[in-house]
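Novice: If you read the protein sequences in the order shown, they are chains A and B. For what it's worth, this note's numbering labels the leading residue of the first sequence as 1, then goes sequentially. For what it's worth, this note's numbering labels the leading residue of the second sequence as 1, then goes sequentially.
These are computed hints drawn from the structure, not numbers from a lab. There's no promise every hint is true.
If the Cβ cut is set under 10 Å, some of the chain A residues that face chain B in the computed set are [stated by the list, open to error]: (1) 79; (2) 93; (3) 118; (4) 119; (5) 123; (6) 166; (7) 195; (8) 197; (9) 199.
Across the chosen pairs, the derived CB separations fall in these ranges [as the list claims (entries may be wrong)]: (10) A:222 / B:9: 56 to 62 Å; (11) A:33 / B:327: 26 to 32 Å; (12) B:6 / A:124: 50 to 56 Å; (13) B:198 / A:85: 52 to 58 Å; (14) A:133 / B:17: 36 to 42 Å; (15) A:190 / B:123: 55 to 61 Å; (16) B:6 / A:203: 50 to 56 Å; (17) B:71 / A:152: 50 to 56 Å; (18) B:24 / A:14: 38 to 44 Å; (19) B:23 / A:187: 49 to 55 Å.
Using N, Cα and C, we set each Cβ at its ideal position, and we do this for glycine too.
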Amino acid sequence: MALLDIAGLSVRFQTNSGLFTAVENVDIQVDHGDVLSIVGESGSGKSVSMLATMGLLPWTAQVSAERMAFDGQDLQRLSSRQRRRIVGGEMSMIFQEPMSSLNPCFTVGTQIDEMIKQHKGGSRRERHERALELLAQVGIPDPARRIKAYPHQLSGGMSQRVMIAMAISCDPRLLIADEPTTALDVTIQAQILELLLKLQEEKGMALILITHDMGVVAETAKQVIVQYAGRQVEQQEVKSLFAHPRHPYTEALLSALPERAAGQSRLPTIPGVVPGQHDRPTGCLFNPRCRYATDHCREVEPVAAPDDPARTLCHYPLGRPDGEASPEPSADPSPGVSPEPSSPSRPEVRP
Amino acid sequence: MTSQTLTMFKFILVKLAQLVPTFIGVTIVAFAFIRLLPGDPILLMAGERGISAERYAQLQAQFGFDRPLPVQYWEFLKGLLHGDLGNSLVTHSPVVGEFFSRFPATMELSLFALAFAVIIGLPAGVLAAIRRGKTLDHTVVGISLTGYSMPIFWWGLLLIMFFSGTLGWTPVSGRISFMYFIEPVTGFMTIDTLLAGDWGAFLSALHHLILPAIVLGTIPLAVIARQTRSSMLEVLGEDYVRTARAKGLSSYRVIMVHTLRNALISVVTVIGLQVGLLLAGAILTETIFSWPGIGKWMIDAISRRDYPSVQGGLVLIAFIVMIVNLLVDLAYGVINPRIRH
Chain A
1 MALLDIAGLS
11 VRFQTNSGLF
21 TAVENVDIQV
31 DHGDVLSIVG
41 ESGSGKSVSM
51 LATMGLLPWT
61 AQVSAERMAF
71 DGQDLQRLSS
81 RQRRRIVGGE
91 MSMIFQEPMS
101 SLNPCFTVGT
111 QIDEMIKQHK
121 GGSRRERHER
131 ALELLAQVGI
141 PDPARRIKAY
151 PHQLSGGMSQ
161 RVMIAMAISC
171 DPRLLIADEP
181 TTALDVTIQA
191 QILELLLKLQ
201 EEKGMALILI
211 THDMGVVAET
221 AKQVIVQYAG
231 RQVEQQEVKS
241 LFAHPRHPYT
251 EALLSALPER
261 AAGQSRLPTI
271 PGVVPGQHDR
281 PTGCLFNPRC
291 RYATDHCREV
301 EPVAAPDDPA
311 RTLCHYPLGR
321 PDGEASPEPS
331 ADPSPGVSPE
341 PSSPSRPEVR
351 P
Chain B
1 MTSQTLTMFK
11 FILVKLAQLV
21 PTFIGVTIVA
31 FAFIRLLPGD
41 PILLMAGERG
51 ISAERYAQLQ
61 AQFGFDRPLP
71 VQYWEFLKGL
81 LHGDLGNSLV
91 THSPVVGEFF
101 SRFPATMELS
111 LFALAFAVII
121 GLPAGVLAAI
131 RRGKTLDHTV
141 VGISLTGYSM
151 PIFWWGLLLI
161 MFFSGTLGWT
171 PVSGRISFMY
181 FIEPVTGFMT
191 IDTLLAGDWG
201 AFLSALHHLI
211 LPAIVLGTIP
221 LAVIARQTRS
231 SMLEVLGEDY
241 VRTARAKGLS
251 SYRVIMVHTL
261 RNALISVVTV
271 IGLQVGLLLA
281 GAILTETIFS
291 WPGIGKWMID
301 AISRRDYPSV
311 QGGLVLIAFI
321 VMIVNLLVDL
331 AYGVINPRIR
341 H
């Protein structure tokens, strides 16, 4: 049984101009000790689906799911008291902006202590010892001094380390990291990722890493979910995803990696932006930016084929999971820019 | 720790230095204000009988009003630096003594009014923020808008008519029933009655405080409730509140510890600013309820053109407001570690 088992998760927000669907029909399975990465651009609903799992969305959000279970317990059915025992204790989360994620009014020690007290208890002294130990574990020099520091006295990297210390303080079985390195310096990013992976391995906890950085995915994850505009468009193991992306969006993300663009004078980009509430296209949501889009794509919403393990949300998935080579991109040097995309020059898997 | 104390000391010194220009401005305004009013203190003293020109000139010389204004101002300033604000033209006793014999009554009234405003306003604001957009929220916002717009004298009269007149629950005026005579020790009627060990008198004093405190506290209550609500709403959207919820804390703890603590920073500023408003409001409230504090004293002094009392009283009130604001600045440092360190 998967540790986290989510099926058919949808999140809608009540806005002034009606309901906005931020996440639709997302499935997530994470096993004990697994590392899952959720990738996608800003606005693809990566954070929202995880915040929904944690129960952290504002009251304007309407969350529905066919199944939303943590270790066999249905999160939707639990009382808020029971759910709070899981949230923070068994399943914890760190966020994108470490500097603003710590309460400015309390010391680092107080904030870690509060978490331990909530879930593990223990005497004041034990909790203090534990907090010191945690700070050392996340690589904070001179924990005895830092434990008395206020958040504004810490750098971004230090704050994120404190957040990690707090998140792992109660030995969670699942840690959700929501773009944990986005707000940090490049040099610090690598350190924080390394730390997360080290802790994941040592503690044997599962890790969900939300990111928009394919490079991070390559270095960290075992399983990858690609999300676009609130939909899950593809799900694969990291190796086969990099070798044989099935969804044109994944392919575009990969070709935007600087390593893959070596020899080209310009880094390929994906034209346009993720559609928002008011500019949703008909048919496939990715069609305006897709270099392979056909009239069929513009009219009919795709569904994943039942026999597709990657569950690709595309009318014309690329390649085959059994290792068939991806089709060569058309000769067009600026993919997707031409107003008349050429018909795909590749065998159609399905009409 | 020593360096922290030193920083704090410096902070206070800087703040005090900043008060000096304000204070000088206040003395000029206070001095000029009463002299700009039409009416002459000596003529008012003489009343209907009138006064001869010689006697008038003699009295003017006696009080120093015949000297040029800058000289008079200089004398006033000199006296002020020596802690001497002159003698009242009416009672001939020192202004400082008159002021401070009445000030405790005003302070007691203001403290009760402020307590009323904070005790009701703060929870109302917090509840409105939590129940945002619900009936409770609209009720709090509506009532506080009404309270804020309410003219004090009208509101006071309305309450007197209803609670004292129709229902007969509360006394109409004064600080304590005439049945009791309490030797002033602190000047606070509630404390003095307790010191005298007279429960009946204590209850009577409280009884007399209720209506004036409500009247005086209404506007601060509205301001505090609104500020608390908007400040809470702002903080509720902060990342660290989400972190607090992600820790699995109870919503009570998330709101009362993580949110309110941060929201209080701006609420405390607003509470501090109410002190000036309270002293201004006290003038009206004390007049309505015949409360023997500085408000009533000031009104009497103004109507008699008692120059030394009015200018002295204004300077003292301004001084007190400035000191309170300084204390608020310091309290700010206590609740906001970003300022302290």
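Novice: Provide an ascending list of the numbers of those earlier hints which the structure does not satisfy.
Specialist: Failing hints, ascending: 1, 5, 7, 8, 9, 11, 12, 14, 15, 16 and 18.
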